Amino acid sequence: MSAPNKSYDPVEVEALKPEEIERLRDEAIAAFAAATDLDALHEAKVAHTGDRSPLALANREIGALPPAAKADAGKRVGAARGAVNKALAERRVALEAERDARVLVEEAVDVTLPYDRAPRGGRHPLTTFAERLMDVFTAMGYSVAEGPEVEAEWLNFDALNMGPDHPARSTQDTFFLKDADSVVLRTHTSGVQIRSLLAAAEPPVYVICPGRVFRSDELDATHTPVFNQVELLAVDEGLTMADLKGTLDHMVASLFGEGISTRLRPNYFPFTEPSAEMDMVCFVCRGESVGNPDRPCRTCSSEGWIELGGCGMVNPRVLVACGIDPNKYSGFAFGFGIERMLMFRHNVEDMRDIVEGDVRFTLPFGMEI
Amino acid sequence: MRVPLSWLREYVDLPTGETGRDIQAKLIRAGLEVEGVEQLGADLKGPLVVGQVLAIEELTEFKKPIRYCQVDVGDANGTGEPQNIVCGARNFAVGDKVVVVLPGAVLPGPFPIAARATYGKTSEGMICSARELGMGDEHDGIIVLPPEYEPGTDAIELLELVDEVLDIAVTADRGYCLSLRGVAREMAIAYGLPLRDPALIDVPPANSYGPLVKVEDPAACDRFVARSVVGVDPAAKSPIWMQRRIQKAGMRPISLAVDITNYVMLEMGQPLHAYDRHRIDGAITVRRATAGEKLRTLDGVERTLDNEDLLICDNSGPIGIAGVMGGAGTEIADAVVDPETGEVNGTTEIVIEAAHFAPVSIARSARRHKLPSEAAKRFERGVDPEATKAAAQRAVDLLVLVAGGTAEAGVTDVVAPRPVHSISIAADLPDRVAGQEYGRETVVRRLQEVGCTVVGTDVLVVTPPTWRPDLTDPNDLCEEVIRLEGYENLPSTLPNVPAGRGLTDAQRLRRRIGVALASAGQVEVQNYPFIGEAVLDGLGIEAGDPRRVTVQLANPISHEEPSLRTTLLPGLLGALHRNVGRGSTDVALFELGRVFRVDGTAETLYRAPRLPVDRRPTEDEIAQLDAALPRQPYRVGAVFAGSRDPQGWWGKAQAWTWADAVEAARTVADAAGVELTVRQDQHTPWHPGRCAGLYVGEQLVGHAGELHPRAIKALNLPERTCAMELDLDLLTAGGAAKAEGPKISTFPVATQDVALIVDDAVKAADVESALRTGAGELLESLRLFDVYRGESVGEGKKSLAYALRFRAADRTLTADEASAARESAVAEAATRVGATLRG
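Going down the list, the sequences are from chains A and B.
All residue numbers for the first sequence refer to our numbering, where the first residue is 33 and numbers rise by one.
All residue numbers for the second sequence refer to our numbering, where the first residue is 25 and numbers rise by one.
Honestly, the hints are just simulated from the structure, not real lab data.
Mixed in with the good hints, there may be bad ones.
Unchecked claim - In silico contact screen, one side only, chain B against chain A (beta carbon under 8 angstroms); selected entries:
| no. | residue |
| --- | --- |
| 1 | Thr195 |
| 2 | Ala387 |
| 3 | Arg464 |
| 4 | Gln550 |
| 5 | Asn579 |
| 6 | Ser805 |
| 7 | Arg807 |
Note that the structure is a prediction, hence the values are computed from the model and not measured.
The beta-carbon is built from N, C-alpha and C at its ideal position, and this holds for glycine as well.
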């Protein structure tokens, strides 16, 4: 506090008394503090910092003071107004923060509300599984070949060394067209293999043939008259059964995991010679359920092996029927049903679920398997 | 083929410890599909003994007659006293020998036996039937044994109740394995042990005084051996050992003569036939049937014969279908006991036939008459023609041995010359086929093991044995070597596949379509392609519509659905119906698949040439094969019912509508990179006012929209079911447009909205097309954002509101430029569709 000012007339300039200015300052600060929302603060602001507020009026009185007193009074009023404005700004920040917090709370939603608006779609596992197989073989360099489902018998049977008296060529197994001569619903995709050989001017031919095939069976839990097959054909110089085995091993390792391999057992098919039945190591128990009744395996019935399908070296008679020199070229082939593989790979228990188109079956498989 | 191990061991001295499972594993490796090993009598426990019935007391106070018997079981019960047994069967008499199970024993089931009170008596065991002992399914009373066995003799051994039986699925090429002889040969090779060949028996040479046989078709019957036995005791029964072996092999014992022919067939693989000589009239003749001839076969069925059937005849006509089934007229007579004298009357003179018939002829007859007999099964797969004489001799020997007959000296053997078939193969061919080095010595040894004669060094001249007609080609011989060396020992290598090009455009497109439609909320289905008239009627497809011209099956699964689909809709709607019926009421399905279309009436359709297989068909012949086939284009279809957007906390449900069906078509076209235009159309089975024709340029490629209410009703579908179907081949015929990299302008966009009033009948597509043309090249995009009908636009009118966005590549557009473009657009719309600006 400064010493008393001799030239100062406290009677005429009541408002500039130091005590008065301090009081006005404190009143303003108290009013801001008392404002509980931004509207009240605005009112307090007008009252205590507006043009007609006591401090503003006091400020105007400064001009009337003698020069010697002006600086002192100006300094005191300025300090008081500064403190008031600071208090106002601080209070505003605080009240705005309060308001914002309140609004955000009010806007809160239940984010656990279910939002099942968009219809869910899915691809059929037979399609995606076939695609997966095709990817394995296209990565190895094979092409994917396709052909008609209504096929000439020569392409479906004769060229495959299945002569006119082959038992498969009966109505027990094959759908024949009415009033037709030598046209059937294909019983396997092997006709596509023949078409591939006929289309190639000269081997090598490396193709994989997926597609729908038809056999005159009734639909039940394990059979369907319409099913999907994948067949493979490789014809080149010097191909061997060891190459067939290696190709099968690569396929099952790709689809079922490292360490899963195949075994071949002798069998008979007219279109291959030598022929074999192919099994793969059970991908679930890896053979550990065999002779181990405490750990039975449903997938392989505790056999340790799962039957995949037939295979073998292309019968040289098939090559001859396609105009390919069997002394120069050899080949291997295999084929299996996709439904069956899907059933054991994904624990599908009833064939009917695969063919009936129930969306509850298809949806869990998503876009790829 | 069921093979009892006890029988098999007669031909190969297997190590005694080898179990059925061990043998199964060995034979599987050698290529026999041994599907299982049946353990006979595994849970059987004695005492099970021969008993002699001493006394029978008939108990009559019960619902059925019951016998209380005293049975002598020797010392088997420890006391030597008769055993008291209650029995419900009645086919035995005092003095008969029966099989008795004593308390403490366990019968198959397992079924433990104890003394128990029944019918007011205590039964100390049971008198057994064949079924109770697990011998067979026949249940005509208890077993009555021949009289020669002593009471107390162990019946488990006597009836050979404990055994293992291999169940082998014989593949079409291995006919010889439909016999003990064949399986024993494989087993001998697998174990490296010698084989006692049952066909190596002494046979007298042929002479001229055997039964008279004439073969008129030597190509179909290249061997016919006939023998005769006289003085056969008609009362003689098959010995237990023979019956048991026949039972274990899966056949039924019938009568001595028939059992002997079956036994020898099982043993040697040679089907035999036994005739009652008194019933044969004159010479036995082998000839083809004349159409319409009739024969009553052994099964009692009168059959009308085909002129391809090969017959066994006598002067009276057909007496058998060769190799398939004999006739009833020359059957061995049932033994009949004369009630006056007690004498047994029946067949006493038997002629045995052991012939060899052409496989194809037998196969066709068996299929034609639906008679897959044991004989036909073997002849079809190939029988050893050189075993005929041995088999006939074996049957004669057995008739002499067990039926008291006398073999006649006459031996008929009609032989047509058969060319010897030899195969030349390079000695290293098996190595090259396998990809593994076996060496010449191994190759020769393995071929000799299967019975081949092998000569030569670098090139081997191989003559297969007569029981292996399947060995015709070099690769057949390779398989023999490789399988015996073990498929499991083949190395695993990968070929050098030339670099590939991946999937074709069409294959990639189908994947993209599948992903796009599934991402849009549709579920893929794969439906059967079979349809019937009913669904086409339901859809309202009229006669004359190309979808009515179907490919038809001769032998459909269901006569309701004998045709192949001409459209994907029947299958899709069927699946939709099934889903809705199962409670999935909001459903969108799609399918990618082929349909089958018949265009025109080409003579070549369904007439595929039968081409030879000893050469490549000519290009012309390949074209003929293709010309026989209907067109099989790929299509994509989709069906929709219920809600696309269900009711929820966000608001009301939105149904799948015609617009979603059209959008699905656009989704497919986008995936294909093809611009699809939509035109109002009318096409069954769509709603006539809600059907979009889908075009690529001027080519119609499919339809989409809401289905006709009549079709919905007829097929029992949810109201307002919608559908889309597109021909993928047509859609992509012009190829996909190659995407050009767009030039991105960074100048600001000028947006102008315009509302146009047009007649209600004016199509939005036409308005849009006019606006685009009029707006010129400054137009970047155009979007319809509102359609309004109401008083303010007048009756029969509608207002279409568009947002137009203009932008230039090289400058900021002025307001005047944008307005000028907008006015030009409006002017074009006014000219083309009579549009006026909404005030």
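Now the hints, each set against the structure:
{"no.": "1", "hint": "Thr195", "result": "4 angstroms, holds"}
{"no.": "2", "hint": "Ala387", "result": "6 angstroms, holds"}
{"no.": "3", "hint": "Arg464", "result": "18 angstroms, violated"}
{"no.": "4", "hint": "Gln550", "result": "5 angstroms, holds"}
{"no.": "5", "hint": "Asn579", "result": "4 angstroms, holds"}
{"no.": "6", "hint": "Ser805", "result": "25 angstroms, violated"}
{"no.": "7", "hint": "Arg807", "result": "22 angstroms, violated"}
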